[in-house]
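Engineer: In case you want the letters, here they are:
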Amino acid sequence: VSEGGGGGDLGDLGDLGPTPATQVRLAEMGRYDRDTVYGILDEGWVAHVGLVHEGRPLVIPMVYARLGDDLLLHGAPATRLFRDLRTGPEVCVTVTLVDGLVLARSAFNHTVNYRSVVMFGPAAPLEGEDERRVALDAITDRLVPGRSPSLRPMSEKELKGTRVIRVPLVEASAKISAGWPEDEDEDYELPIWAGVLPMRTVTGPAKADRRNHEGVPVPEHVRAMETD
Amino acid sequence: MSDLGPTPATEVRYAARGRYDRATVHAILDAGLIAHVGFVVDGDPFVIPMIYARVGDDLLLHGSPATRMFRTMRRRPRICATVTLVDGLVLARSAFHHSANYRSAVVVGEPQDVDDLDERMAALESITDRMAPGRVPSLRAMTEKEARGTRVVRLPITEASAKIREGGPIDEEEDYDLPIWAGVLPLTTGVGQAVPDDRNLSDVAVPEHVRAWEGAVVGGAGVLGR
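Top to bottom, those sequences are chains A and B.
Residues 1 to 228 (our numbering) make up the first sequence, in order.
Residues 1 to 226 (our numbering) make up the second sequence, in order.
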């Protein structure tokens with residue numbers, strides 16, 4: 001998101017960084033510890049995966065899951081992304097959560113409250129079918145905890161038809177912008193309303209498929225996902 | 001209709017989901033708040049979130065001249081800007097057919113600097129105005145110094161694609177016989193009550209352009225927190 005100003009302390013140093021690639025320029029916004037990075041990854045729905053395709057940047061949205069110290073991505077083998085990922089290239093995965101709009105007294109000082117993670121690593125395809133099965137269940141259960149046991153089990157054919165990519169979490173940073181408008185001193189004298197508009201993602205209410213059997217209730221694991 | 005592509009860089013593999021017309025691409029760009037912008041540094045990919053505005057056939061991005069993307073652009077100007085709105089989780093009868101409903105737009109190209117100060121100010125105001133339409137006229141006017149200290153680039157929206165997945169789960173025919181609940185969990189973005197800054201002057205009311213946002217529920221999430 002927009003960057004301006006500068007200075008500040010070194011931020012929280014953790015074992016994921018900083019490295020030259022992940023160092024957050026505004027040091028007070030940067031975090032490199034696993035708790036912070038994993039917390040953001042576990043809250044997002046979609047990652048933006050960047051790779052270099054024939055020398056050019058490509059950014060693709062994907063669902064993902066963190067499993068331990070790995071980020072898992074999955075998709076159909078024929079996609080450009082997965083064709084590229086088979087060769088184990090370096091990828092950059094970015095997850096961004098927007099928490100609110102920061103409305104300042106000048107256009108210049110408007111900003112967004114957000115939390116983001118940027119991670120770098122080599123993409124490694126999971127080759128073993130058991131590994132892939134565990135990973136795919138993890139991705140399903142990460143989106144809707146408790147769902148995979150209620151489903152028709154995965155077939156061999158489906159397992160063979162799905163690529164799973166692991167990116168190890170070894171080089172990552174989080175950037176957190178949380179706060180109030182920071183206006184120029186003289187602007188505080190102006191009769192302009194300033195403040196924050198909070199935003200969040202709302203889930204549900206669940207919509208049943210037309211072809212559900214009569215009498216099949218919305219399961220608890222779906223109910224639990226609906227925002228109150 | 002399909003004047004923005006497809007090109008080798010933007011072609012959507014699953015052809016039924018790809019769109020290359022201006023109206024569809026523009027609508028997705030106009031609904032999003034954050035673009036994930038990819039660029040190449042020393043052969044490696046970088047992806048950073050940025051706020052933006054679409055004005056006509058340009059995507060406008062801004063930032064401090066010190067940001068890595070702007071430093072890189074001199075030598076490796078090509079970028080890829082992706083905007084994604086997630087509309088729901090698609091819960092099928094098998095793990096394999098789980099999916100997400102989403103709308104995404106990908107714009108690729110080489111951005112050009114907006115050098116003219118007036119143009120730059122207008123661009124910055126349009127980016128601010130997206131956060132709360134109608135807000136800019138109520139603000140202290142931008143100064144030349146502010147405009148000089150911000151880099152603004154324009155990415156022409158000439159090579160772009162949109163990808164859309166909508167609707168319910170699509171299961172294997174035999175799985176419809178199973179008594180498994182399937183459906184869609186919609187995702188939306190909820191805007192809360194405005195929280196005034198401690199230092200607002202005492203008689204300043206919440207303006208209409210902020211009120212209009214409060215309690216709003218807008219379709220699509222994914223770039224947004226839950």
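It is possible that some hints are incorrect.
[What the hints assert, rightly or not] In silico SDA-like pairs for lysine to any residue, Cα to Cα no more than 25 Å straight-line:
1. A/K207 x B/E144
2. A/K207 x B/K145
3. A/K207 x B/G190
4. A/K157 x A/H74
5. A/K160 x B/G190
6. A/K207 x B/R17
7. B/K145 x A/E189
8. A/K157 x B/P77
9. A/K207 x B/P186
Worth flagging that the hints you see were computed from the coordinates, not collected in a lab.
Engineer: Taken at face value, is the distance from the CA of A/H74 to the CA of A/K157 at most 25 Å?
Structural biologist: holds (15 Å)
Engineer: Given the hint that A/K207 pairs with B/P186, does the C-alpha gap stay at or below 25 Å?
Structural biologist: holds (8 Å)
Engineer: Can you confirm whether the C-alpha distance between A/K157 and B/P77 stays at or below 25 Å?
Structural biologist: Distance ~43 Å between A/K157 and B/P77 Cα, so the pair is violated.
Engineer: CA of B/K145 to CA of A/E189, is that 25 Å or under?
Structural biologist: Cα-Cα ~20 Å, so holds.
Engineer: Please verify whether A/K207 and B/R17 have alpha carbons no more than 25 Å apart.
Structural biologist: holds (22 Å)
Engineer: Please work out if A/K207 and B/G190 have their alpha carbons no farther apart than 25 Å.
Structural biologist: Roughly 19 Å between the alpha carbons, so the hint for A/K207 and B/G190 holds.
Engineer: Taken at face value, is the distance from the CA of B/E144 to the CA of A/K207 at most 25 Å?
Structural biologist: Violated, at about 52 Å.
Engineer: Given the proposed pairing of A/K207 with B/K145, does the C-alpha separation stay at or below 25 Å?
Structural biologist: Violated, at roughly 52 Å.
Engineer: Mind checking the alpha carbons of A/K160 and B/G190 for me, to see if they're no more than 25 Å apart?
Structural biologist: violated (39 Å)
The structure fails to meet hints 1, 2, 5, 8 from the earlier list, while all remaining hints are met.
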